[in-house]
Structure formats: structure tokens, C-alpha cells
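Listed below are the residues making up each chain.
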Amino acid sequence: MWKWLHPYAKAETTYKLCYRLLPYFSWLAVITLVSGSIWGLFYAPSDYQQGDSFRIIYFHVPTAIWSMGAYTSMAICGLIGIVWQIRNAELAVYAIAPVGAAFTFLALISGAIWGKPMWGAWWVWDARLTSELILLFLYLGVIALYNSFEDKRTAARASSILAIVGVINVPIIHYSVEWWNTLHQGASITKLDKPSISPDMLWPLLLNISGFLFVLAALVCLRLANQILINDARRPWVKAMVSEKTNKAEQSKNKATLADKE
Amino acid sequence: MNNLSTSKPLSYWSAFKSIFIREIKLAWQKPTQLVQPVVFFLIVVTLFPLGISPAPKTLQMIGPGVIWIAAILAIMLVVERLFRQDYQEGTIEAWLLSTVPMSLLVGAKLLAAWFISCSVLVLITPVLALLMNIETHVIPALMLSLLVGTPILLFVGAIGNALTVGLNQGGVLLSLLVLPLYIPVLIFATSLIEAATLNMSYTGQMSILISMLLVSCFFAPVAIAAALKNTVN
Amino acid sequence: MLEVQGLTCFRQNRCLFAGLNFVLSEHQICQIEGPNGAGKSTLLRAILGLFRADEGQIIWSGKSTTQQAELFLQQVFFLGHKFAINSDLTPWQNLEFWSALNPTQNDDFASALTKVGLTGLEHIPCHSLSAGQHRRVALARLWLTNTKLWVLDEPFTAIDKSGVQLLQQRFNSHLTSGGMILLTSHQDLSQEFAQLHTIKLTDNTGEII
Amino acid sequence: MHFNSISEALAMGGYGPYVWSTVGIVIAVLLFLIIHSMTAKKRTLTMLRLEQERADKIALAKQSNDDYQSKPNHN
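Chains as they are written, first to last, in numbering that gives the first Met the number 0: chain A, 0 to 261; chain B, 0 to 232; chain C, 0 to 208; chain D, 0 to 74.
Treat the hints with care, since some could be wrong.
For lysine-lysine, the following DSSO-like pairs were computed, each having C-alpha atoms within a straight-line distance of at most 30 Å [to be verified]:
no.: 1; chain 1: B; residue 1: 228; chain 2: C; residue 2: 199
no.: 2; chain 1: A; residue 1: 15; chain 2: A; residue 2: 238
no.: 3; chain 1: A; residue 1: 247; chain 2: A; residue 2: 9
no.: 4; chain 1: A; residue 1: 151; chain 2: B; residue 2: 228
no.: 5; chain 1: D; residue 1: 41; chain 2: A; residue 2: 254
no.: 6; chain 1: A; residue 1: 252; chain 2: D; residue 2: 40
no.: 7; chain 1: D; residue 1: 56; chain 2: A; residue 2: 238
no.: 8; chain 1: C; residue 1: 160; chain 2: C; residue 2: 114
no.: 9; chain 1: A; residue 1: 247; chain 2: A; residue 2: 15
no.: 10; chain 1: B; residue 1: 29; chain 2: C; residue 2: 81
no.: 11; chain 1: A; residue 1: 238; chain 2: A; residue 2: 254
Don't read these hints as lab results, they were simulated from the structure.
Modelling step: build the complete structure from the supplied sequences, incorporating the hints.
This is the structure:
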């Protein structure tokens, strides 16, 4: 029944929706990220224990939160795509994956840089950093799996299945790593958790958390639109777009040759 | 003779049984495939004392982890070729076209694969435990952890194999997909053994492992069936 | 009755066929023709649900096959490019295994293997058989199955003349007992089957709306 | 402002290199992602255009080949 509920116009509708939403997300992202970062970097008071190095929190925590959030939404899209056979949801999986991987990478790097002054080492097997590292592997798996299939439809479904399997594991991994961490290192190492944070510090953090969410949303809109374009390459509406582009290219070429002659 | 309406009733149980028996027969005909993971398991464990230190204290400390990592690698070998022949010969297609649910058929295959390849790994661990200088009272815990843990590894690995079986390059991609998913099992299993070494109760870790086994028993065949259906496309 | 309605299949963004319609009813045999890469195998696989069609429906006795997958599969016999014969098992074991998963009219493997001329080879592993014999093992299933619809992908390749004749006899007896056959072949079959229908797939790279 | 001067802000109480390198990396990665995503459409359309041209060429070649063969006395 669902198959009949999604007529082929729907891909085009989604494509247009992506571009309609894009400016809102982009502007919201710019406003929140710029204000949050400036507030956090220059105006928020410094932490009494960590000094000004704590300001890395404004980048580490949002990316860490949304790296997990992106994985979860990716898996939800995969599930919707597999269960209800909705092509656009399958396409969203690979639209989200690279952005999520980049966020995970940022969370890891910022965590490591923060760790250097805190622990005196770039890498400590801290619970959150370790699970971020494993999350990065999970993302890389999804991306690698998608790219190794020639047929992109098969690729989209395979990576959807992997994302679903992965998301069942994410909480288990998180929990197990946390547990392993307390077992092996006890409480001697300060975790990257925010200890009862003061409101002056919290507001910019919330701004940046929402800012990174908008960045994620905007990027996913762009990439999803592109995925739809690739998937629908043989449909008339995409063909019209391609031929329009061809005409434009020819026109500009003609202009160039005319200019040369003159 | 050509009456199209009468047919022998098809039972799920006999289908399950026939796949199980087929796997055993196949394994019996190709004993090298049966022995390979076991030998690999032994060799990998042997490398560690040579590479780190043969001091009994060190061996005792790293022993459980080493045995578990070696078991994971050995199972990766098993998993890598799990569905390959069936895929290449078209058996997977035939399964998909059978009226018996795919996940049941996959379950039979996995159960047989566990008996064929993984049970041997569990059985030879006492030998490895002696090599790694692990105290005798820890050996039952080690074997128990492998008994519960190896099916999880096999089931999760089979999902990875089902996803990549249609591709030419299997191995590296498979390990990228599967190894991160193995981490929780590794953590809980080694901590179970650690608890046993300290003469502490390990029911907590055991129950976590068992619940992971149940979850993977339930989900893996469904995921594998979906993945195989997708690969055959 | 098998009814294909508006079937459209893409493979890697290439349109194999679009809006394909045809009906196959009892006692009918239908041959799908076309050059290599025209999508003959894909069409067969799409009908069986092994390939996800982009558009269209397969109707089996009045209902969509996706709604009654199990009922449909109970009445279908498929022989593809790969014929699901394990090369380490014997012909006998292969048939035994196959019959445990598929609806059959009897379990008389001996006579089925005799029919396809494999007497005496029942109990040696399939990898020591020739390609043609390999194929015959797969074809022996035709004498065991009691499904209504046969979907056969190139059943005549790697088969000698007498084998082809034998197959055609079997097809005819299946057709007279109310079966239907859908097959791909490069051979011209109009001599052998009076009621033959053909579907031509051209090298279609067209578009659909 | 929490800091008294720009140079103090840049120093970040001695943690300047850490904080600013984080900011730099975040900006670099985000910029890369944004540019990569924004040019994706263009790349796709170019790819599809080339594909289309190739298909047209093949069709043309086939057409002329057919014409050639259909002529009765082409030798």
C-alpha cells in the first residue's frame, strides 16, 4: 500500500522541500553559531578549575551530542526506508552519514585537544572519547559499505540495514565502554562532563548546541537533494534540469566563441 | 503423475533440519575448512608470549584478553566465507524463493556453523589457557564466556557477511563493519574472566552476555535475511 | 493466471523496460526474447520478487504477489543462471535438500535422475560432473515439482539435442496439465510449441513518466 | 567581555593554542563540508550531462550503423 502512496512526484516534492528549508536552517545556523561562539569564547566566565581551556566545551559537546543524534536519525531513516519501502528515507541515510562522521571527527579532535592540557596527553582512554572513536568506526563502515556497491539502490539499502544494526549497538557500546572505563581507571581521571555549570556558561553552550543542529539540518538538506537527483537521474524532471544546464553551457560556449571572433 | 494440486506437505521443522544436516555434511567433506580457524586461533595466541613477554605474571594478566581477541579473529575467518559459496551457487536465491521463512533457514545455517566451527574453539581453550598460564579455576569461566560469546560474534558477523557477500572485496570491508560491533562482547567477556580470576561473582557480566545472545538470536536472522534479499537484487 | 501490469525496471540508472504489460494464463508458454543486456533475466527476477521493480505490479490469480508472497511462491518453480546446486554434494543429496524446501509431488529422486540421464551418477559429488550434467541435475527438479508456474532462465543452454527434446516433452506435458511456462531462450521455439507467445525486449534506454 | 584586551583573549589564559586550534579545525571541517555539499549538485548535473551525451553518441552511432547495414549495396 505504501508503494502506491508514494507516487514518483514525491521525490521531486522532497527535492523542492529541501531547497525551501535550506535558507531557514542556514540562517539559523549562522546566527546561533556566531553568537554562541563569540559569547562562549569571549564573554563567558572562565572555569575556576580548568581556566580558559574549558571553552573548547562549546565545540566538543555540541559535536559529540549531534554525532550520536545524527547516527540515531540515520538509523531511523534506514528503518523507515526498509520497513515502509520509502526510497527518500533510504537516500537520507547516505546524506546523513558523512556529516555525522565529520561531527564525530570534530568531537574526537576537540576532545583530544582539550585532553592535552587537562590530562597531559593527547589521547586518554576516557569513556566518551572511546565511544566517539567507536562511533567513528561505525560511520566509516556505513560510508565504506555504501561506496563499495556499484548499484546505488542496493548500496542505500545495505547501509540502511547496517545503520539499524549499528544503532542497536550504540547504547550497548556506550554503556559497556563507560563500565569498562570505571573498572580500569576508577575516578582518578576527570571526565569530560560539565560539573554543575553556571548559567553564564550554559547559555552560549545551548546556543552552539542548537547551532550545530541547524548546520546538520542544512547540510543534510543539501546532500539529500543531491542524492535524490542522482537516484532520479532518468526521470523527466531531472532530465529537464540536465538539458537546461547543457543549453546554458552551450550558450556560454557560443558567447565565448563570439567574443573570440570579435 | 502431473496433478498440480497435490503436494507433499512442507514443514518448517524438516526444512530447518535439512539445512542443518546439509551443513554438517558439507563440513564433513571439507575438513580443512573446519580445522583452519582452530589452527589460526592457536597460532595467534602463540604470537603473544613471543611478542610481549613469556613472564608468567604478564601472561596471566593479558591471557583472557589475548584468547578473546584471537577468538574474534578466528571467527572473522569463519564469518568471511559463511554465505559465499551459497551465494555464488544460487542457493541463497533458492532459499528466498522457498515458502519457508528466510530467517528460519538462516537460523539453521548459523546454528550449524556454530557447531561446526565455533564449538571447537571453545573446546580447545583449556589448552590455550595453560599456554597463557591462566589459573585452572578460571578456565571454566573462560570457557563459559566463549560458549555464550562466540554465537553472538558469529551472528553479528554473519550480518556483515550477508551485506558484503555480493562484493568482490570482502575481507577488509567486513572487518570494518563488524569489529566495532564486537567491542561490547569483548569488554563484558574479559571483565567476566577478570572477576573470575579475583574469585568474585560474575553473574552480572554473564547475564549481560546472555541477554546480548538472546537479542542477537532474535535480530540477526531477520537482519541477515533482509541483507541477503538486498544483495541478491 | 499471471498478470504483469506496467512493470518498469531500472538497473544502475539504465531503463531496461518500461510499462511492460502481459498476461500468461493456463496452458500457455511465453518466451522472452531480446539481445544480451536487454533485461530478460531481470524481468524474470522482478516477477518473482528477487529484483525490486521500480514500478508496476504482478498479479497472481487476482491478487498482487506482494500481498500473498507465500501463496505465490508455493506455485512457482524457478531456474536461474545459477541453479542452486552445491558442487560438494551429490545429485541425490542436492535433490533431497531442494525437496525439503520446495513443494513437490513425490520424492522419487531415482526416477527423476533417470529421466535426465544421470543413472549411475546419483551418488558422486557434483563437482566431478560436466557442465551439462550439472545442468541436468537442476533440470531433474522439473520432474519433481508440482508448481503451476515455471520460470526458466535459458533452460536449453549446455544441453544436447536429446536433452532439449526431453525438456520439450516435459514442457508439453506440463502445459497440458494446466501449467504455465515463462522462459528466456535464444532458440526459436515456435516449431515446438504451437501456442507459443513471445515478448520482445528491445535495447530500451527510454524514459518513463 | 571577560577579557581585558584582544591579546589577552588570544592568549586564553595560556591555553590559546589549544582553544584556537580547536576553533580553526572546527571552522575548516565545517567549511569543507559546506563547500563539498554545495558543489554536489553541480557535480551531479555535470556527471549526468556527460552521461547523456555519451548515450546520445551511442544512439547516433547505432543509428548510422543500422543505416549502413540496411543499404542493399554497401560493398
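Status of the hints after comparison with the structure:
1. 228/B x 199/C: Holds, because 28 Å separates the two Cα atoms, which is no more than 30 Å.
2. 15/A x 238/A: holds, 16 Å
3. 247/A x 9/A: holds, 27 Å
4. 151/A x 228/B: holds, 15 Å
5. 41/D x 254/A: holds, 21 Å
6. 252/A x 40/D: Status holds; Cα separation ~21 Å.
7. 56/D x 238/A: holds, 17 Å
8. 160/C x 114/C: holds, 15 Å
9. 247/A x 15/A: Distance ~21 Å between residue 247/A and residue 15/A Cα, so the pair holds.
10. 29/B x 81/C: Since the Cα atoms of residue 29/B and residue 81/C sit roughly 22 Å apart, the hinted pair holds (cutoff 30 Å).
11. 238/A x 254/A: holds, 24 Å
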